[in-house]
Amino acid sequence: MLKQFLPKSRIQIVEKADSWQEAVKLCAKPLLDEGMIEPRYVDKIFQLYEDIGPYFVIAPKIAMPHARPEDGVIATGLSLLVVSSGVNFHSEDNDPVSLIIMLAAKDNTEHLSALASLAEMLGDDENVERLVNATTTDEIFTFIQNQ
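So that you can map any letter, position 126 of the sequence shown is 126 in full-length UniProt numbering, and since no number is skipped, the others follow by simple counting.
Accuracy of the hints is not assured; some may be wrong.
[Unchecked claim] Within a straight-line C-alpha distance of at most 25 Å, the following computed SDA-like cross-link-like pairs (lysine to any residue) qualify:
| # | residue 1 | residue 2 |
| --- | --- | --- |
| 1 | K29 | P96 |
| 2 | K25 | T76 |
| 3 | K16 | P39 |
| 4 | K106 | L122 |
| 5 | K29 | S85 |
| 6 | K44 | E92 |
| 7 | K3 | L26 |
| 8 | K29 | G53 |
| 9 | K29 | T137 |
| 10 | K106 | L48 |
| 11 | K29 | N94 |
| 12 | K16 | Y55 |
| 13 | K29 | F141 |
| 14 | K106 | D51 |
| 15 | K25 | L115 |
| 16 | K44 | G72 |
| 17 | K29 | L103 |
[Unchecked claim] Distance ranges between label pairs, derived from CB positions:
| # | residue 1 | residue 2 | range |
| --- | --- | --- | --- |
| 18 | S9 | Q147 | 16 to 24 Å |
| 19 | D124 | G35 | 31 to 39 Å |
| 20 | N88 | S113 | 25 to 33 Å |
| 21 | Q21 | D93 | 17 to 25 Å |
| 22 | N108 | E129 | 29 to 37 Å |
| 23 | Q4 | E139 | 14 to 22 Å |
| 24 | E34 | N108 | 16 to 24 Å |
| 25 | P60 | G35 | 27 to 35 Å |
| 26 | F46 | N94 | 16 to 24 Å |
| 27 | E50 | D18 | 17 to 25 Å |
Bear in mind the hints are in silico, worked out from the structure with no lab data behind them.
For every residue, glycine included, the Cβ atom is placed at its ideal position computed from N, Cα and C.
Input sequences plus hints: build the corresponding full structure.
Structure follows, in structure tokens:
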């Protein structure tokens, strides 16, 4: 199910990001470029972070930035960014974050199967390590395809 929402074109690896904001912007870029989200979607993620803190840092090393469908989602999809050196999201128990998966859901149900697949995959620490230690987008894409 993940492969339907996460094509290879939306997987990136960078050595570092200077801030959590830069990491979120980098992760959002493929979704923006493909017309799946509007710029205001990213702005809303930043606003939510300021209002309630790092709500989207869901586990050690893992962030899933997202906002509501009405905040600028055009089509449902995911993008994935690995920041090899990690980046601080000011989430005491989960920093540094190396795996950022942006979720854009155009409604409240279409993405649920992808989320279930993600939860299963990311619930295994070995899988997380394979993703954050990957050196090519091909490696990540193939791994996800086989999940």
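Evaluation of the provided hints:
no.	hint	in the structure
1	K29 - P96	holds (21 Å)
2	K25 - T76	holds (18 Å)
3	K16 - P39	holds (23 Å)
4	K106 - L122	holds (23 Å)
5	K29 - S85	holds (20 Å)
6	K44 - E92	holds (23 Å)
7	K3 - L26	holds (20 Å)
8	K29 - G53	holds (22 Å)
9	K29 - T137	holds (16 Å)
10	K106 - L48	holds (18 Å)
11	K29 - N94	holds (24 Å)
12	K16 - Y55	holds (22 Å)
13	K29 - F141	holds (18 Å)
14	K106 - D51	holds (23 Å)
15	K25 - L115	holds (21 Å)
16	K44 - G72	holds (9 Å)
17	K29 - L103	holds (12 Å)
18	S9 - Q147: 16 to 24 Å	holds (18 Å)
19	D124 - G35: 31 to 39 Å	holds (33 Å)
20	N88 - S113: 25 to 33 Å	holds (32 Å)
21	Q21 - D93: 17 to 25 Å	holds (21 Å)
22	N108 - E129: 29 to 37 Å	holds (32 Å)
23	Q4 - E139: 14 to 22 Å	holds (20 Å)
24	E34 - N108: 16 to 24 Å	holds (22 Å)
25	P60 - G35: 27 to 35 Å	holds (33 Å)
26	F46 - N94: 16 to 24 Å	holds (19 Å)
27	E50 - D18: 17 to 25 Å	holds (18 Å)
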